[in-house]
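Now for the letters of each chain:
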Amino acid sequence: MKDTVRSGVLAQRRRRGPGKLQLRLNVNGETYEVMVEPRRTLLDVLRDDLGLTGAKKVCDRGQCGACTVLLQGVPVYSCLKLAIECEGKPVETVEGLMSNGRLHPLQQAFIDHDAFQCGFCTPGILMSLKALFDRNDSPTEDEVRQAVEGNLCRCGAYSKVLQAALSVARANEQE
Amino acid sequence: MRAFDYVDATSVEDATTFLQDEADSALIAGGTELLVLMKNKVINPRLLINVKSIDGLHRIRADGEGSLTIGSVATIAELGSDEVVQRSFPILADAIRVAASPQLRNMATVGGNLCQKPRCWYYRGSFDCFLKGARGCHALNGQNRGSGIFGRSECYAVNPSDLAPPLVALGASVVIQSPQGRKQISLADFFTLPRGELLNQTILGRDEMVVEVRIPKQPHRSRGVFLKAMERKTWSFAQASVAMQLSRSDDRIEDVRIVLGAIAPIPWRATAAEDALRARALTRQLIEVASAAAVEGAHPSGDNRYKVTLVRELVKRGLSALLNT
Ligand SMILES: Cc1cc2nc3c(=O)[nH]c(=O)nc-3n(C[C@H](O)[C@H](O)[C@H](O)COP(=O)(O)OP(=O)(O)OC[C@H]3O[C@@H](n4cnc5c(N)ncnc54)[C@H](O)[C@@H]3O)c2cc1C
Ligand code: FES
Ligand code: FES
Numbered sequence: 001m002k003d004t005v006r007s008g009v010l011a012q013r014r015r016r017g018p019g020k021l022q023l024r025l026n027v028n029g030e031t032y033e034v035m036v037e038p039r040r041t042l043l044d045v046l047r048d049d050l051g052l053t054g055a056k057k058v059c060d061r062g063q064c065g066a067c068t069v070l071l072q073g074v075p076v077y078s079c080l081k082l083a084i085e086c087e088g089k090p091v092e093t094v095e096g097l098m099s100n101g102r103l104h105p106l107q108q109a110f111i112d113h114d115a116f117q118c119g120f121c122t123p124g125i126l127m128s129l130k131a132l133f134d135r136n137d138s139p140t141e142d143e144v145r146q147a148v149e150g151n152l153c154r155c156g157a158y159s160k161v162l163q164a165a166l167s168v169a170r171a172n173e174q175e
Numbered sequence: 001m002r003a004f005d006y007v008d009a010t011s012v013e014d015a016t017t018f019l020q021d022e023a024d025s026a027l028i029a030g031g032t033e034l035l036v037l038m039k040n041k042v043i044n045p046r047l048l049i050n051v052k053s054i055d056g057l058h059r060i061r062a063d064g065e066g067s068l069t070i071g072s073v074a075t076i077a078e079l080g081s082d083e084v085v086q087r088s089f090p091i092l093a094d095a096i097r098v099a100a101s102p103q104l105r106n107m108a109t110v111g112g113n114l115c116q117k118p119r120c121w122y123y124r125g126s127f128d129c130f131l132k133g134a135r136g137c138h139a140l141n142g143q144n145r146g147s148g149i150f151g152r153s154e155c156y157a158v159n160p161s162d163l164a165p166p167l168v169a170l171g172a173s174v175v176i177q178s179p180q181g182r183k184q185i186s187l188a189d190f191f192t193l194p195r196g197e198l199l200n201q202t203i204l205g206r207d208e209m210v211v212e213v214r215i216p217k218q219p220h221r222s223r224g225v226f227l228k229a230m231e232r233k234t235w236s237f238a239q240a241s242v243a244m245q246l247s248r249s250d251d252r253i254e255d256v257r258i259v260l261g262a263i264a265p266i267p268w269r270a271t272a273a274e275d276a277l278r279a280r281a282l283t284r285q286l287i288e289v290a291s292a293a294a295v296e297g298a299h300p301s302g303d304n305r306y307k308v309t310l311v312r313e314l315v316k317r318g319l320s321a322l323l324n325t
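Line by line, the protein sequences are chains A and B. According to this note's numbering, the first sequence is numbered sequentially starting from 1. According to this note's numbering, the second sequence is numbered sequentially starting from 1.
With the rest of the complex left out, here is chain A:
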């Protein structure tokens, strides 16, 4: 926590905004250049500037989890992150889950177990689960429940979500 000598004039020049400025974002392994104001959230930039509409905007206040994405591998609510805070940090969204034209095992399990109705919560739940499975590929029921505690499902698909996630965990265990 070393404090450095600081010049007032130079310091003021480091202020950015309030108008649009160029940001470089790294989303699902690709680099995007966008022109956005500091007040734009990561969620709005993903959806409106990058056309990545997987992350959903529901409450916009940290109360539902539909906007969950991974920032540096960790689940966060993208409605409460400014895009400018994410410069140079890898972001993962549901659009990045498929690889080589194949669904992620969690996505396939959601289909097999019918783990959604309207599907609005699904991208967020998948990202919370992806972070869990990246750390621990055969989690217990309690670990799965805790991982999705911050994602509401208005349709109440919770038990199917649990079944889907546990089916992937059991399959991984057998490998």
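Read the hints as simulated data drawn from the structure, not as lab findings. If you're wondering where the values come from, they're calculated on a predicted model, not measured in any experiment. Just so it is clear, CB atoms sit at the ideal spot from N, CA and C, and this is done for glycine as well. One thing to keep in mind: the hints can contain errors.
Claimed, not checked - These stretches of chain B come out as covered by chain A in the derived footprint (C-beta under 8 Å, 3 or more residues): (1) 8-18; (2) 41-54; (3) 98-107.
Since the structure of chain A is provided, determine the placement of chain B with the ligands on it from the hints.
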């Protein structure tokens, strides 16, 4: 949100100088509180000063002799999974486990958690209220289910932090810095009842920031409990909580701190309950006496009467859990 400038602070001095130079500025750490207040236009700063960019400020350091120093931008998820916290200060780990949601814990910082504003409906909505510089508190005769039952001042809103009660129970202190210098005060003295010109629940000045939080080594054979009552099992603010830490010698209680959360504008020491316990052996009878003492002097104002029952029961359950340890 209104438009604003943004800057990455390079040091604590840099951040506090920006605070001093731009009267209409705010620090942003996790942003989980600040951005919601800005979206609701409760506050409209012209400059956000990012403190997460300050080198080393996220570090959690144990000194090997039982104390811990927590950098203010450490996330509460990092703090909750810290080995020293889990081993030596389990009431803090327990409080973190039931605070907010996993995503919020990944974002929220320790400094931001201690500096968060009350969740009062009037303050967060488009009402003029005491905390916004108007007179009187609407909650007195209005929506007061969440309001306080202790520490009545000019505002009835409770302090919502789940980290504050365990940290106060552990005797923590905070290091605060402004362009004029650095000081360390006890966390209990960091919180204050809003009154007069002070429209806040902390003593933090306009150009001051929380740099770190320090937890001292606990006495030998010290034990604690944290309990939180909530409307649902997760992702929910406390209706009431209790953090207690006590140490015994020859079965007699020596040091004891009982701190109540979400029932006053500050983390509230249940001093009458502590006095009832000190120098005595913990028995079922004494627990009855102490839990009744914990709600002595409570003054509910309407729909918050249930908090009196909750507090008494939480203190009773907490002490009972310590009975045979
Ligand atoms: C849906 C929801 C549920 C929640 N549930 C809980 C809960 O159960 N328990 C609980 O305890 N909390 C809960 N919270 C609150 C959450 O924990 C806080 O929003 C968070 O801890 C704030 O930290 P932050 O780093 O995000 O702060 P920010 O939003 O960045 O800042 C909050 C305030 O503190 C100031 N600040 C930040 N850092 C510093 C510093 N180092 N020095 C001085 N000032 C500073 C900012 O200027 C701002 O005024 C909940 C929040 C939400 C949205
Ligand atoms: S839209 Fe972000 S949590 Fe609801
Ligand atoms: S499937 Fe509709 S909200 Fe979850």
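Comparing the hints with the structure gives:
1. 8-18: holds (count 8)
2. 41-54: It holds: at least three residues are needed, and the stretch 41-54 of chain B offers 6 whose Cβ sits within less than 8 Å of chain A.
3. 98-107: holds (count 7)
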